[in-house]
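Fit chain B to the supplied structure of chain A, relying on the hints for placement.
So the protein lines, in turn, are chains A and B.
Residue numbering for the first sequence follows the working numbering, starting at 53 and increasing by one per position.
Residue numbering for the second sequence follows the working numbering, starting at 12 and increasing by one per position.
Any given hint could be a false lead.
As the list claims (entries may be wrong) - Once the Cα atoms are required to be at most 20 Å apart in a straight line, the calculated EDC-like pairs of lysine to aspartate or glutamate come out as:
#, chain 1, residue 1, chain 2, residue 2
1, A, LYS94, B, ASP49
2, B, LYS20, A, GLU97
3, A, LYS110, B, GLU115
4, B, LYS20, A, GLU91
5, A, LYS94, B, GLU115
6, A, LYS94, B, ASP37
7, A, LYS94, A, ASP136
8, A, LYS109, B, GLU115
9, A, LYS158, B, ASP37
10, A, LYS111, B, GLU115
To be verified - What the simulated footprint calls covered on chain B by chain A, stretch by stretch (three residues with Cβ under 8 Å from a Cβ of chain A suffice, anywhere in the stretch; the number is not a length):
#, stretch
11, 20-32
12, 83-97
Hints listed in this document are in silico derivations from the structure and should not be mistaken for laboratory results.
All residues carry an ideal CB built from backbone N, CA and C; glycine is no exception.
What follows is the residue order along each chain.
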Amino acid sequence: ILNVEQSPQSLHVQEGDSTNFTCSFPSSNFYALHWYRWETAKSPEALFVMTLNGDEKKKGRISATLNTKEGYSYLYIKGSQPEDSATYLCANSGGYQKVTFGTGTKLQVIP
Amino acid sequence: NAGVTQTPKFRVLKTGQSMTLLCAQDMNHEYMYWYRQDPGMGLRLIHYSVGEGTTAKGEVPDGYNVSRLKKQNFLLGLESAAPSQTSVYFCASSYSGQGARNLEAFFGQGTRLTVV
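In isolation and in its complexed conformation, chain A is listed as follows (with noise of 0.2 Å):
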């Protein structure tokens, strides 16, 4: 993998409904995995950074697990919300300063 992939690129679940998403990026030269959450008309909010293998990270109802060797980022959403509906962004530090962003996967939760 020679960029950063997310997928599904979109995603409608009804609310309750727990979800999750994948992000895919290069094994080599890692630095840190970062996930972003973003609405409409806003701008990208950090939800995690994630630099060891192995690492979970929680914020309410939402979480993530990262596995370095094999490149690939989980995010989760337990019991979806209308609220939660957005853009969620995932971003791989390859070098310390250059982060390459994926395309995102835009969820709608259904009320």
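Below, chain B alone, put in the same frame as chain A:
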């Protein structure tokens, strides 16, 4: 707290015109970045700076210049605008310290630029 502020928020340019986008941050961050966001392309790094007086090229630097004369400001210039530079531009900044927490980027609200 102001955080990261971009000006202007919207602009329409004619092909060949020049303009400067200003990014200001009040968090004493060392690192600052300019990205462009195009449909289906994600955020692509144009230029970045690791401190006052320093700049470096990112992924898509052609057609842009930057300057970081003061730590709190990062300017993005278009010398001769082209329709291909129609995009939404985001500025971001982050700390320079060690540790994952310090890598979080704080973004401005974006500048929507149309070149006709």
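We went through each hint and held it up to the structure:
1. LYS94/A / ASP49/B: holds (15 Å)
2. LYS20/B / GLU97/A: Holds, because 18 Å separates the two Cα atoms, which is no more than 20 Å.
3. LYS110/A / GLU115/B: With Cα atoms ~16 Å apart, LYS110/A and GLU115/B stay inside 20 Å; holds.
4. LYS20/B / GLU91/A: It holds: about 17 Å lies between the C-alpha atoms, which stays within 20 Å.
5. LYS94/A / GLU115/B: Given that 20 Å is the threshold and the Cα spacing comes to 17 Å, the pair holds.
6. LYS94/A / ASP37/B: holds (19 Å)
7. LYS94/A / ASP136/A: At roughly 14 Å apart (the allowed maximum being 20 Å), ASP136/A and LYS94/A satisfy the hint.
8. LYS109/A / GLU115/B: holds (14 Å)
9. LYS158/A / ASP37/B: violated (31 Å)
10. LYS111/A / GLU115/B: Holds, at about 15 Å.
11. 20-32: violated (count 0)
12. 83-97: Violated - the stretch 83-97 of chain B has 0 residues with a Cβ nearer than 8 Å to chain A, which falls short of three.
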